[in-house]
Amino acid sequence: MHKTLGRLQAVLNEIEDPDLNTIIDEVFKIEVSYRSMEAKNFPRQKVRDVIEDVARVIENKQPALTDEVTKA
Amino acid sequence: MKLQKLELLNFASFYGKSGAISLKVSSEKPLIIFVGRTGFGKTSLFDSINWALYGEEYENDLWINKERKIEDYANEIALREALNTGERMEMTVTLYFEHIGESRGQSLLREYYITQTLVIKAVQQENGILPKVVDRQTHLREISSGGDHKEIEYTKTFLDEILPNNVKSYFLFDGDRIHNLAKPGNSQQVRDAIYRVVDLEIIQNASEHLNDVAVEYNKRAAKSATGKLAEVEAAYSDELTHQNSLKRRIGDIKKEKQAIKDQIAIIDQKLTDQPESSALQERKASLTKDIAENESSQKELKNLIRDAAATTGLYLATEAVTELKNLLHEKRVRGEIPKHVRETFFQDLFDMGECICGTTFEKKDNDRVYQNLMARLEVEKTRSQEEDRLVDLFHELNQSESLIAEAKNNLQAMDDQLIDLEEGNRSLLFQKQEIDKQLEDIPVEDIAKLWADRRTRDERDKELLVELQNKTDQLTNSIQKLKDLDTERTQLTKKQKEAENLHLRANLAKRAADELSAKFESFAEQSRSEVEQLTIQEFKEFVTSSSAYKVALGKDYSLEVMDSNGNRALQRLSMGQSQCLSLSFITAISRVSKKSPPLVIDMPFGRLDPTVHAAISRRLPKLSEQTILFLIPGVEWNETTIANLFNSASQVYEMSFNESLRQTSLMATK
Chain E
1 MHKTLGRLQA
11 VLNEIEDPDL
21 NTIIDEVFKI
31 EVSYRSMEAK
41 NFPRQKVRDV
51 IEDVARVIEN
61 KQPALTDEVT
71 KA
Chain V
1001 MKLQKLELLN
1011 FASFYGKSGA
1021 ISLKVSSEKP
1031 LIIFVGRTGF
1041 GKTSLFDSIN
1051 WALYGEEYEN
1061 DLWINKERKI
1071 EDYANEIALR
1081 EALNTGERME
1091 MTVTLYFEHI
1101 GESRGQSLLR
1111 EYYITQTLVI
1121 KAVQQENGIL
1131 PKVVDRQTHL
1141 REISSGGDHK
1151 EIEYTKTFLD
1161 EILPNNVKSY
1171 FLFDGDRIHN
1181 LAKPGNSQQV
1191 RDAIYRVVDL
1201 EIIQNASEHL
1211 NDVAVEYNKR
1221 AAKSATGKLA
1231 EVEAAYSDEL
1241 THQNSLKRRI
1251 GDIKKEKQAI
1261 KDQIAIIDQK
1271 LTDQPESSAL
1281 QERKASLTKD
1291 IAENESSQKE
1301 LKNLIRDAAA
1311 TTGLYLATEA
1321 VTELKNLLHE
1331 KRVRGEIPKH
1341 VRETFFQDLF
1351 DMGECICGTT
1361 FEKKDNDRVY
1371 QNLMARLEVE
1381 KTRSQEEDRL
1391 VDLFHELNQS
1401 ESLIAEAKNN
1411 LQAMDDQLID
1421 LEEGNRSLLF
1431 QKQEIDKQLE
1441 DIPVEDIAKL
1451 WADRRTRDER
1461 DKELLVELQN
1471 KTDQLTNSIQ
1481 KLKDLDTERT
1491 QLTKKQKEAE
1501 NLHLRANLAK
1511 RAADELSAKF
1521 ESFAEQSRSE
1531 VEQLTIQEFK
1541 EFVTSSSAYK
1551 VALGKDYSLE
1561 VMDSNGNRAL
1571 QRLSMGQSQC
1581 LSLSFITAIS
1591 RVSKKSPPLV
1601 IDMPFGRLDP
1611 TVHAAISRRL
1621 PKLSEQTILF
1631 LIPGVEWNET
1641 TIANLFNSAS
1651 QVYEMSFNES
1661 LRQTSLMATK
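Protein chains in written order, with this note's numbering: chain E, 1 to 72; chain V, 1001 to 1670.
What the hints contain is simulated information worked out from the structure, not anything from laboratory work.
Hints are supplied without guarantee of correctness; some may be wrong.
Incomplete in silico selection of chain V near chain E, CB under 8 Å [claimed, not checked]: (1) A1020; (2) L1140; (3) G1146; (4) I1202; (5) H1209; (6) K1670.
Capping the alpha-carbon separation at 20 Å, the derived lysine-lysine pairs in PhoX-like fashion look like this [to be verified]: (7) K40/E to K1156/V; (8) K1017/V to K29/E; (9) K46/E to K1670/V; (10) K1261/V to K1183/V; (11) K1497/V to K61/E; (12) K1555/V to K1595/V; (13) K1519/V to K29/E; (14) K1029/V to K1471/V; (15) K1156/V to K1555/V; (16) K46/E to K1156/V; (17) K1247/V to K40/E; (18) K29/E to K1183/V; (19) K1156/V to K29/E; (20) K1017/V to K1121/V; (21) K1183/V to K61/E; (22) K1497/V to K1254/V; (23) K1017/V to K1029/V.
Built from N, CA and C at the ideal position, the CB exists for glycine as well.
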């Protein structure tokens, strides 16, 4: 099934920070997929995975920046 | 989503294979109509569509709402045959539908079908044959453009993306019940409908789940930290948990307050309906309106007074102004102002070459008299400017004095007006209290009980208001405290790598949650406003006499209707008008949600007066791209409705029921 955000896209468009935009986009998709699930059964691990992915991208960028500064 | 066709096997009164029941519609003819008498199987067809889509979840609904199990729908003849032959019987419903999804920004129409199957064993019991489920299967398949049928795993998540179970009751519903949405005391239900259908719930849940994840990361960071950082981490983690619980409690309080408001509205409605109290209730409603108007006028007046107060504040200087003015006046009388000799006078002397004492002089720098006169002129020039300023000041003081007097009089007038309003309000409140007392004293047990209930709820509401204020204050403090702790731990964290990594994650989750939280209010308000406008528009289309009513969707999501005098009229709407308002509201949320779900309505005219049949039937074809109706001949399928619906229907099925075979058959009449 291809996920559609519908009206939520309007909210997403207002999130300017690219990292937060990625997180919210992915979390919206999870929420849409599990919207009728009871709160206690909600797959929170999937939200953690989204945060983990974005955090790793940020961490991977950081050493490169440090190296460039060192070289300079 | 559009439903395409339905196939039944041994379901309810449909014995054997029903054959394909087409549900296809065109844009010009968006209706599918089933016409059948009570007991002919209309509601079974309605249930079959629901069961096909939602399977076991719908079975739970069936049990809760009708105390029926799905195996109770096993066809009687098929069950008897199964008992006689000792074989198992199958009961199956297959629903075909299409849905437009998105892939890489492209809209794609896809076809699916869901089959629900029960394998049933017939067991003879004293009071009849008991259907016992021995197996069950659910299949979801996609039909490719090439005609292949691809099996897809059937999960709740599949329909959550098309028409979620917690939303379906607003699109697949019993017409007899839907008018309740437009009854007093149902704002919670209206709010739930908006929250779920237009996706406010998704934003709120996303924000909460991100906050929960932030708390988890913070707890882990607290465990991995040592020394001073560990202390700050623990404090931060505690504060964040506390803040989240405050937010939840504030949400719960708001919900409880809303529920109490609804309960009070229902009690008030009951009290109004009591013949012993109706006159008093009407008087009370009128007083309540007057009090609200009075309070609004007071508020406006207080704003005006606040603006005027700035000018009137100068009144404090009146004494000093008057004294100064008197002083200047006395000086003028004494001829001290102006006292200086004007420059023109000196020019005349210079031109004549003679001083006023008679001494002649020459306009030369070495002439002593000329030098003295020039020196005197310079002195007089300075004095002249000062005295001119004094004259101007005298005039300004005069103007200020009248301005201050005018502002003081205005303020006094407004103050008097405010006192009148406050006195008036006190009198209105007193009258209202008197009516409350009289209402409480009416010696009818029901009324006394209703009043006791109302008082209890009022008290609880007040308690909640205080708690809400406390919690909101605590939340403000907590937000500030958390910021301070965050600054402190950021400085300490730089020394600890693992804690730093966890902080990055916690901060990302929290910032994302905060962003959503910040966007939520405006998105919610925009959605509410859109739903309100479309409901008003649709209600006008439904009810030609609607111009007498003003429909509004309050900030608290209560549907309100005002009559031409501005009085609340929701409780006075007829069942037909309530039905129209509910349908208008459902159409509005469906359009705002942009989900275009089909409408499936069992008995849309229900017990409505035939006079509203025309209004509703005229509008039904325009509500959705696909609307499936189940109607009773005569009561609902009559001259008026046929005239309005028949030409907009792609299919009209007449249902017949063979009493001896206990079997339903369908005949397409178009």
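Of all the hints numbered above, which does this structure not satisfy? Sort the numbers upward. The structure breaks hints 1, 2, 3, 6, 8, 9, 12, 14, 15, 18, 21, 22 and 23; every other hint is satisfied.
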